[in-house]
Structures are given as C-alpha cells and as structure tokens.
Amino acid sequence: MAYPMQLGFQDATSPIMEELLHFHDHTLMIVFLISSLVLYIISLMLTTKLTHTSTMDAQEVETIWTILPAIILILIALPSLRILYMMDEINNPSLTVKTMGHQWYWSYEYTDYEDLSFDSYMIPTSELKPGELRLLEVDNRIVLPMEMTIRMLVSSEDVLHSWAVPSLGLKTDAIPGRLNQTTLMSTRPGLYYG
Amino acid sequence: MTFRAAWSLTLRQGGLGIRGIHSPGSTAHGKEKMPPYTNYHAQRSYPMPEEPFCMELNAEQRALKEKEKGSWTQLSHAEKVARLLIWWQRVYVFRKKPITLTDEWKAQQLQRILDMKGNPVQGLASRWDYERKEWKK
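Just so you know, the protein sequences line up as chains L and Z, in that order.
Using our numbering, you'd call the opening residue of the first sequence number 1 and step up by one each time.
Using our numbering, you'd call the opening residue of the second sequence number 1 and step up by one each time.
Bear in mind the hints are in silico, worked out from the structure with no lab data behind them.
Here a beta-carbon is modelled for each residue, glycine too, at the ideal position from N, C-alpha and C.
A hint or two may mislead.
[As the list claims (entries may be wrong)] Calculated cross-link-like contacts (lysine-lysine; reagent style BS3-like; alpha-carbon spacing at most 30 Å):
| hint | chain 1 | residue 1 | chain 2 | residue 2 |
| --- | --- | --- | --- | --- |
| 1 | Z | K117 | Z | K136 |
| 2 | Z | K117 | Z | K97 |
| 3 | Z | K137 | Z | K117 |
| 4 | Z | K117 | L | K129 |
| 5 | L | K129 | Z | K106 |
| 6 | Z | K106 | Z | K137 |
| 7 | Z | K80 | Z | K97 |
| 8 | Z | K133 | Z | K117 |
| 9 | Z | K80 | Z | K96 |
| 10 | Z | K136 | L | K129 |
| 11 | L | K171 | Z | K106 |
| 12 | Z | K106 | Z | K136 |
| 13 | L | K171 | L | K98 |
| 14 | Z | K133 | Z | K106 |
| 15 | Z | K97 | L | K129 |
| 16 | Z | K96 | L | K129 |
| 17 | L | K49 | L | K98 |
| 18 | L | K171 | Z | K117 |
| 19 | Z | K117 | L | K98 |
| 20 | Z | K117 | Z | K106 |
| 21 | L | K171 | L | K129 |
| 22 | Z | K80 | L | K129 |
| 23 | Z | K96 | Z | K106 |
[Unchecked claim] Label pairs and their in silico Cβ distance ranges:
| hint | chain 1 | residue 1 | chain 2 | residue 2 | range |
| --- | --- | --- | --- | --- | --- |
| 24 | Z | K136 | L | Q59 | 53 to 61 Å |
| 25 | Z | K97 | L | Y193 | 15 to 23 Å |
| 26 | L | I72 | Z | L84 | 47 to 55 Å |
| 27 | Z | A107 | L | Y193 | 18 to 26 Å |
| 28 | Z | S76 | L | S120 | 54 to 62 Å |
[Stated by the list, open to error] Coverage of chain L stretches by chain Z, computed from C-beta distances (three or more under 8 Å per stretch; other residues unrestricted):
| hint | segment |
| --- | --- |
| 29 | 9-22 |
| 30 | 130-138 |
Could you build all of it, start to finish, from the sequences and the hints given here?
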C-alpha cells in the first residue's frame with residue numbers, strides 16, 4: 001500500500017510491474033534531461049547581451065533538432081511496446097477469478113473447483129479497528145495463491161468501474177456488458193491494496 | 001437554505017472545532033468595521049492563514065447570531081460577510097479531520113504496515129531493521 005512521504009510507485013509484486021518501474025525510470029530520466037536542457041537554454045537566452053539580428057538560415061541546427069527528438073521518441077517507444085506485448089503473452093493461467101463491480105462494492109466468484117462467491121465492501125471509517133487504513137480496508141478480502149498465474153475476469157453489474165492493484169501493475173475497467181481479462185502473477189506473499 | 005442548515009448544524013454540535021483561537025479583533029459587528037471587514041488579515045497574497053478566522057463565537061458574535069434569527073435583511077453587509085467567512089472556513093479550510101489522522105492512529109498504521117512488510121524491496125519496510133526494531137541508519 002502507499003506509505004507516508006512516498007515519492008515513487010509502490011514496490012512491484014509482479015514481473016510486469018517491475019518492468020514498468022524500470023521503464024518509468026528510463027522515461028523519467030529522458031524527461032529530466034530534456035527539461036533541464038530547455039531550462040538551461042532559456043536561462044542562457046535571458047541573460048546574454050549578445051544579439052544577432054541578421055540570421056537567415058540555420059540548416060545544421062534544424063537538422064539536429066529534428067533528428068534528435070525522433071531518436072528520443074524511438075528510445076521511449078521501443079521499451080514501451082516491448083512491455084505492451086509482454087503483458088499480452090500467453091501464459092496459461094492456473095486459476096480463474098471473476099470480479100463484478102457494483103455500486104459500491106466488488107463481488108468475487110471462484111468457480112473453478114467449487115462455487116464460491118462473496119461481496120467485498122469497504123469498511124466505513126467509523127468502524128475501522130485501530131491502525132487500519134482508511135478507505136482501503138474491506139470486510140472480505142480476495143485471497144489468491146502466490147507465484148501462480150491467475151486470470152482475472154472483470155466486469156460490472158451497473159456502471160463503469162475499474163479494478164486496480166497498483167503493486168501488481170493492474171488496472172482493468174469493469175464495463176457493464178463486457179468481460180475484460182487480465183493476468184496476475186504475484187512473486188511474494190502479502191497484503192496488497194487497490 | 002443550505003446556508004441556514006449548515007449554520008444550525010454547527011450550533012447544535014456545540015463546539016466549532018479543535019482550535020479555539022479567537023481572531024485578533026472581533027468580527028464585524030456592523031457599525032464600525034468596513035472592508036477589509038475586520039482586523040483579520042485576509043490578503044490575496046496570503047489567502048490561507050494559519051489561525052482560523054474565528055472558531056468560537058465570542059460575545060459579540062453571539063449577539064450577531066441572535067440578530068440573525070430575525071430577518072436577514074436587517075443584517076448589515078459586513079455581518080453577512082462575517083457569517084459567510086465563518087461558514088466557508090469551517091467547510092473548506094479548517095475541516096474536521098478523520099480519526100485516522102491522529103498521531104496515535106498513524107503510529108498504529110505504521111506498525112501495521114511494518115508488520116505486513118509492505119513495500120519491502122525499496123519502500124517503507126526496507127528501511128526498517130527488523131532485528132533491532134529501529135529504522136536503519
């Protein structure tokens with residue numbers, strides 16, 4: 001879950017989230033480089049007494065600042081597409097769990113071996129036990145085995161919802177009338193909020 | 001009508017919040033204070049001062065409250081502004097905090113997060129030394 005004074009993402013629990021963390025580091029570094037370069041150039045422009053009023057053309061620098069952004073964009077796009085395809089790999093999940101969104105709770109169904117379904121309501125702030133996290137705790141948690149690929153089928157009974165667990169890098173919209181699928185693989189045990 | 005409802009709700013609740021700090025001057029009582037309505041230092045450059053405008057009604061304000069039980073058209077402009085300010089501050093600026101923001105609860109939450117080893121790789125639990133039960137240096 002999120003902790004106080006957190007700056008970045010929550011720690012990754014699934015391999016996809018690890019990839020996303022690395023990709024975020026990579027892209028953020030590029031963004032910082034570009035921003036600091038632009039800031040530096042602006043400060044140079046604003047603090048110089050030199051002027052040149054008869055510039056006619058600047059072919060060389062124009063070439064550079066056309067090719068270089070294209071290269072930067074490719075550098076960002078390639079890892080991004082790699083992760084996108086990695087998320088869609090066929091991984092033969094061993095378990096299927098269905099989740100239906102309602103206003104305002106989730107209901108889960110485990111129907112692989114025996115039928116089990118339950119509702120999961122958020123615990124209101126007035127009923128929290130000391131030390132519990134406000135707006136995050138629920139009465140019935142969804143319990144999943146670790147280190148196994150699990151297929152989550154997400155849909156909704158009434159309006160649009162979204163089923164998200166940031167540690168696992170998951171966010172899937174629950175759309176009434178539509179079944180969305182996402183796969184989940186947790187590498188360590190624990191309680192994950194979303 | 002919601003104005004009235006919010007106002008009467010507060011009066012019923014008794015206290016008006018945790019801070020009982022009065023503002024330096026009294027609120028506008030109508031006759032002598034003109035804009036910027038009171039001694040309250042509301043400036044555009046400093047819109048969110050630390051102390052509330054007034055969280056408890058002092059004597060003049062109770063008189064104001066009594067007065068407003070009559071027809072509102074008899075209140076002067078400054079009095080209306082004072083009422084509005086009190087309400088605005090209570091609803092938007094100095095609101096009632098949830099119980100989970102008290103220090104004791106925050107400490108218990110922290111203990112719970114450490115117990116469940118939340119974010120053990122690079123986050124919070126990775127900075128806690130479990131053997132010595134203290135933060136890592």
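Hints, one by one, checked against the model:
{"no.": "1", "hint": "Z:K117 with Z:K136", "result": "holds (15 Å)"}
{"no.": "2", "hint": "Z:K117 with Z:K97", "result": "holds (28 Å)"}
{"no.": "3", "hint": "Z:K137 with Z:K117", "result": "holds (18 Å)"}
{"no.": "4", "hint": "Z:K117 with L:K129", "result": "holds (19 Å)"}
{"no.": "5", "hint": "L:K129 with Z:K106", "result": "holds (12 Å)"}
{"no.": "6", "hint": "Z:K106 with Z:K137", "result": "holds (22 Å)"}
{"no.": "7", "hint": "Z:K80 with Z:K97", "result": "holds (27 Å)"}
{"no.": "8", "hint": "Z:K133 with Z:K117", "result": "holds (13 Å)"}
{"no.": "9", "hint": "Z:K80 with Z:K96", "result": "holds (24 Å)"}
{"no.": "10", "hint": "Z:K136 with L:K129", "result": "holds (29 Å)"}
{"no.": "11", "hint": "L:K171 with Z:K106", "result": "holds (28 Å)"}
{"no.": "12", "hint": "Z:K106 with Z:K136", "result": "holds (20 Å)"}
{"no.": "13", "hint": "L:K171 with L:K98", "result": "holds (15 Å)"}
{"no.": "14", "hint": "Z:K133 with Z:K106", "result": "holds (18 Å)"}
{"no.": "15", "hint": "Z:K97 with L:K129", "result": "holds (17 Å)"}
{"no.": "16", "hint": "Z:K96 with L:K129", "result": "holds (20 Å)"}
{"no.": "17", "hint": "L:K49 with L:K98", "result": "violated (67 Å)"}
{"no.": "18", "hint": "L:K171 with Z:K117", "result": "holds (23 Å)"}
{"no.": "19", "hint": "Z:K117 with L:K98", "result": "holds (28 Å)"}
{"no.": "20", "hint": "Z:K117 with Z:K106", "result": "holds (16 Å)"}
{"no.": "21", "hint": "L:K171 with L:K129", "result": "holds (28 Å)"}
{"no.": "22", "hint": "Z:K80 with L:K129", "result": "violated (43 Å)"}
{"no.": "23", "hint": "Z:K96 with Z:K106", "result": "holds (17 Å)"}
{"no.": "24", "hint": "Z:K136 with L:Q59: 53 to 61 Å", "result": "holds (56 Å)"}
{"no.": "25", "hint": "Z:K97 with L:Y193: 15 to 23 Å", "result": "holds (21 Å)"}
{"no.": "26", "hint": "L:I72 with Z:L84: 47 to 55 Å", "result": "holds (52 Å)"}
{"no.": "27", "hint": "Z:A107 with L:Y193: 18 to 26 Å", "result": "holds (19 Å)"}
{"no.": "28", "hint": "Z:S76 with L:S120: 54 to 62 Å", "result": "holds (55 Å)"}
{"no.": "29", "hint": "9-22", "result": "holds (count 3)"}
{"no.": "30", "hint": "130-138", "result": "holds (count 5)"}
Violated hints, in rising order: 17, 22; the structure is consistent with all others.
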